[in-house]
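A.B. asks: Sequence:
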Amino acid sequence: MKKIGLLVLIAALAVGFFYFDLNQLLTLDGLKSGLAQFDTWRDESPLLVGGGFLLLYVIVTALSLPGAVIMTLAAGALFGLLWGTVIVSFASSIGATLAFLVSRYLLQDMVQSRFGNRLTAFNEGVERDGAFYLFTLRLVPIFPFFLINLLMGLTTIRAFTFYWVSQIGMFAGTLVYVNAGTQLGQLESLSGILSPSLLLSFVLLGVFPLIAKKIVDVVKARRVYAGFSKPKSFDRNLIVIGAGAGGLVSAYIAATVKAKVTLIEAHKMGGDCLNYGCIPSKALIKSAKVAHQMRHAENYGLNSSEPTFSFKKVMQRIHDVIATIEPHDSVERYSKMGVDVVQGYAKLIDPWTVEIQRNDGDTQRLTARSIVLATGARPFIPNLPGLDEVGYYTSDTMWEAFAKFDEPPKRLVVLGGGPIGCELAQSFARLGSKVTQVERSPRIMGREDEEVSKLAQESLIQDGVIMLTSHSAVRCEKEGDVKRLILEHDGHESVVEFDALICAVGREARLEGYGLESLGIETKGTIVTNDYLETLYPNIFAAGDVAGPYQFTHVASHQAWYAAVNALFGSLKKFRVDYRVIPWTTFVDPEVARVGLSEQDAKDKGIAYEMVRYELDDLDRAIADSAAKGFVKVLTVPGKDKILGVTIVGEHAGDLLAEFVLAMKHGLGLNKVLGTIHTYPTWAEANKYAAGEWKRAHAPQRILNWLEKYHAWRRG
Numbered sequence: 001m002k003k004i005g006l007l008v009l010i011a012a013l014a015v016g017f018f019y020f021d022l023n024q025l026l027t028l029d030g031l032k033s034g035l036a037q038f039d040t041w042r043d044e045s046p047l048l049v050g051g052g053f054l055l056l057y058v059i060v061t062a063l064s065l066p067g068a069v070i071m072t073l074a075a076g077a078l079f080g081l082l083w084g085t086v087i088v089s090f091a092s093s094i095g096a097t098l099a100f101l102v103s104r105y106l107l108q109d110m111v112q113s114r115f116g117n118r119l120t121a122f123n124e125g126v127e128r129d130g131a132f133y134l135f136t137l138r139l140v141p142i143f144p145f146f147l148i149n150l151l152m153g154l155t156t157i158r159a160f161t162f163y164w165v166s167q168i169g170m171f172a173g174t175l176v177y178v179n180a181g182t183q184l185g186q187l188e189s190l191s192g193i194l195s196p197s198l199l200l201s202f203v204l205l206g207v208f209p210l211i212a213k214k215i216v217d218v219v220k221a222r223r224v225y226a227g228f229s230k231p232k233s234f235d236r237n238l239i240v241i242g243a244g245a246g247g248l249v250s251a252y253i254a255a256t257v258k259a260k261v262t263l264i265e266a267h268k269m270g271g272d273c274l275n276y277g278c279i280p281s282k283a284l285i286k287s288a289k290v291a292h293q294m295r296h297a298e299n300y301g302l303n304s305s306e307p308t309f310s311f312k313k314v315m316q317r318i319h320d321v322i323a324t325i326e327p328h329d330s331v332e333r334y335s336k337m338g339v340d341v342v343q344g345y346a347k348l349i350d351p352w353t354v355e356i357q358r359n360d361g362d363t364q365r366l367t368a369r370s371i372v373l374a375t376g377a378r379p380f381i382p383n384l385p386g387l388d389e390v391g392y393y394t395s396d397t398m399w400e401a402f403a404k405f406d407e408p409p410k411r412l413v414v415l416g417g418g419p420i421g422c423e424l425a426q427s428f429a430r431l432g433s434k435v436t437q438v439e440r441s442p443r444i445m446g447r448e449d450e451e452v453s454k455l456a457q458e459s460l461i462q463d464g465v466i467m468l469t470s471h472s473a474v475r476c477e478k479e480g481d482v483k484r485l486i487l488e489h490d491g492h493e494s495v496v497e498f499d500a501l502i503c504a505v506g507r508e509a510r511l512e513g514y515g516l517e518s519l520g521i522e523t524k525g526t527i528v529t530n531d532y533l534e535t536l537y538p539n540i541f542a543a544g545d546v547a548g549p550y551q552f553t554h555v556a557s558h559q560a561w562y563a564a565v566n567a568l569f570g571s572l573k574k575f576r577v578d579y580r581v582i583p584w585t586t587f588v589d590p591e592v593a594r595v596g597l598s599e600q601d602a603k604d605k606g607i608a609y610e611m612v613r614y615e616l617d618d619l620d621r622a623i624a625d626s627a628a629k630g631f632v633k634v635l636t637v638p639g640k641d642k643i644l645g646v647t648i649v650g651e652h653a654g655d656l657l658a659e660f661v662l663a664m665k666h667g668l669g670l671n672k673v674l675g676t677i678h679t680y681p682t683w684a685e686a687n688k689y690a691a692g693e694w695k696r697a698h699a700p701q702r703i704l705n706w707l708e709k710y711h712a713w714r715r716g
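Take the sequence shown: its position 647, counted from the start at 1, is 647 in UniProt numbering, and no numbers get skipped.
Please note: incorrect hints may appear among the correct ones.
Claimed, not checked - Within a straight-line C-alpha distance of at most 25 Å, the following computed SDA-like cross-link-like pairs (lysine to any residue) qualify:
1. K282 x F405
2. K258 x G361
3. K230 x V218
Derived from the structure by calculation, the hints contain no laboratory data.
Please read all numbers here as calculations on a predicted model, not as lab measurements.
Using the sequences provided together with the hints, build the complete structure.
C.D. replies: Structure representation (structure tokens):
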């Protein structure tokens with residue numbers, strides 16, 4: 001009841017403010033017209049008028065009413081620079097704190113209880129660095145101050161901290177605006193507009209945010225770099241640690257713009273994607289798919305046959321594929337581009353210095369104005385009793401190890417039901433292994449819609465995978481040559497015997513061994529960065545898997561552009577990394593590709609949407625290829641053709657998705673997709689037909705009814 005009463009009071013005051021046209025007083029015209037009368041009142045009762053003005057300012061600010069800027073100008077015109085600044089400084093801070101307290105009292109509990117999980121990182125940031133964050137917002141007026149008052153009330157920052165930071169942070173801006181007001185008060189004719197004092201005031205209003213931003217950057221830099229001695233000159237413009245996708249692209253960009261750049265890699269150029277991930281897994285998937293097609297050749301009018309093959313040749317082909325692509329990422333190629341490639345282990349000594357333990361045994365130290373950390377990720381190994389005893393493989397180790405096998409593992413266990421686990425499970429099942437896939441969640445590929453997970457699971461089961469969802473690995477045991485995995489399901493234990501086990505339960509960022517701890521660079525599963533990919537130190541950036549939030553090669557390349565450009569040109573212009581349109585594909589058969597929101601995402605976030613769906617069993621090319629399985633599902637803004645998200649399941653889903661990625665990136669709707677000519681018969685027509693389903697659902701029925709009558713009339 002108290003909250004309701006307070007809401008009623010605030011609403012009544014706001015209504016009264018507009019009902020009695022008090023808002024007209026808080027305009028520039030109102031200020032000019034009433035200035036003479038205010039001067040008279042001030043001369044007669046300076047304390048009363050000053051106190052009344054302060055109280056009115058507090059009320060306007062506390063209620064978040066429009067007019068605070070005009071009142072600040074009025075303070076300069078009425079009371080001069082000194083007293084106007086004093087009055088506004090205290091009135092604005094008191095009013096802001098009252099608005100802050102009202103917001104906290106009315107809304108904080110509700111917001112934190114409803115969105116607490118999503119606000120955890122923000123709350124921790126405010127608790128750790130809230131005062132400086134608020135000071136930055138106050139000093140650099142990016143957002144309206146009234147909005148800052150209300151939003152900060154929803155956080156956990158202390159009220160007293162909010163008050164004193166506001167008092168200090170708003171002082172410079174108050175001074176500029178009050179000074180402008182003093183000049184307005186002295187304006188007697190149009191010629192006064194060109195007076196040097198007034199022009200200076202307006203120049204200050206324009207450049208103040210830029211000056212304030214520079215002040216904040218300087219203060220932050222002094223705070224962060226305290227205790228370090230910055231070199232007077234640098235050996236390099238940029239040092240990049242890690243030669244995966246993020247590191248290679250960062251070094252490439254630096255060399256392209258003629259910066260002096262060193263790229264450091266301890267192992268293989270090309271990183272995980274080339275050597276352990278994307279490339280070898282896709283080569284394996286292709287061989288497995290051909291074996292699958294041979295077994296089901298009757299689908300194409302041919303005689304089915306059981307494929308005979310040398311597993312060593314299959315694995316050799318995978319290594320041949322890697323070797324063919326390797327020159328694209330080689331030391332020689334990047335050296336020719338102008339990149340200084342050093343093979344060895346890098347360690348941060350200070351924010352500008354990197355020590356390299358070279359693979360040839362030498363030690364080298366280099367300084368650089370900026371550093372990009374692109375150290376990637378590695379497979380996560382669960383703390384499973386007995387795992388080391390029985391032995392296991394990961395996506396990093398299996399390619400070299402399996403290359404020595406004469407045949408695929410007869411009994412293979414795959415731990416994990418994510419994209420990597422599903423791709424490997426299906427491939428080895430198609431190559432003849434008896435595969436048991438274990439996932440502790442109720443379904444595989446949990447980031448996708450439930451129907452997508454179900455379809456993928458059915459496909460893997462059809463290929464012979466024994467799917468054990470809602471099963472938790474408890475321990476591993478070994479008795480002689482017999483290896484066992486003990487599982488728990490619904491309170492009961494079961495045993496799976498195996499010859500080989502692959503851990504595919506996720507990947508973790510590489511955070512140790514190169515000096516993050518000694519420099520105090522914050523990590524939370526990944527390196528903590530801001531919107532510009534800057535770490536704690538504005539000259540040290542992170543990109544790729546080590547930075548998160550996505551572990552995709554194409555995202556690493558995407559981030560690398562921002563990291564490199566901000567590192568090299570950030571003093572002139574910085575760019576916020578753009579995550580709005582991130583596509584991904586899981587290369588099971590049929591493929592699963594997605595960009596933007598899924599249906600489950602939209603429901604979880606409470607986002608309104610419409611959904612259209614086109615089944616691939618109606619697509620001519622899919623029927624011709626005997627692959628008429630899957631769908632295109634598009635989510636749009638209700639009543640509009642704006643695309644919120646797309647999920648495609650089927651052959652070439654990853655390739656089909658590109659058209660929607662382009663459309664979303666550049667704000668093109670389904671009408672544009674529908675109006676684009678697609679070659680017949682191709683898989684890409686599925687996108688056009690999905691857009692056509694949307695158009696059909698939004699056909700103007702009233703106009704169509706009139707057209708029907710028109711044509712009937714034309715027939716006589």
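A.B. asks: Indicate, hint by hint, whether the structure satisfies it.
C.D. replies: Going through the hints against the structure:
no., hint, in the structure
1, K282 x F405, "19 Å, holds"
2, K258 x G361, "30 Å, violated"
3, K230 x V218, "14 Å, holds"
This entry does not satisfy hint 2, going by the numbered hints stated previously; all others are met.
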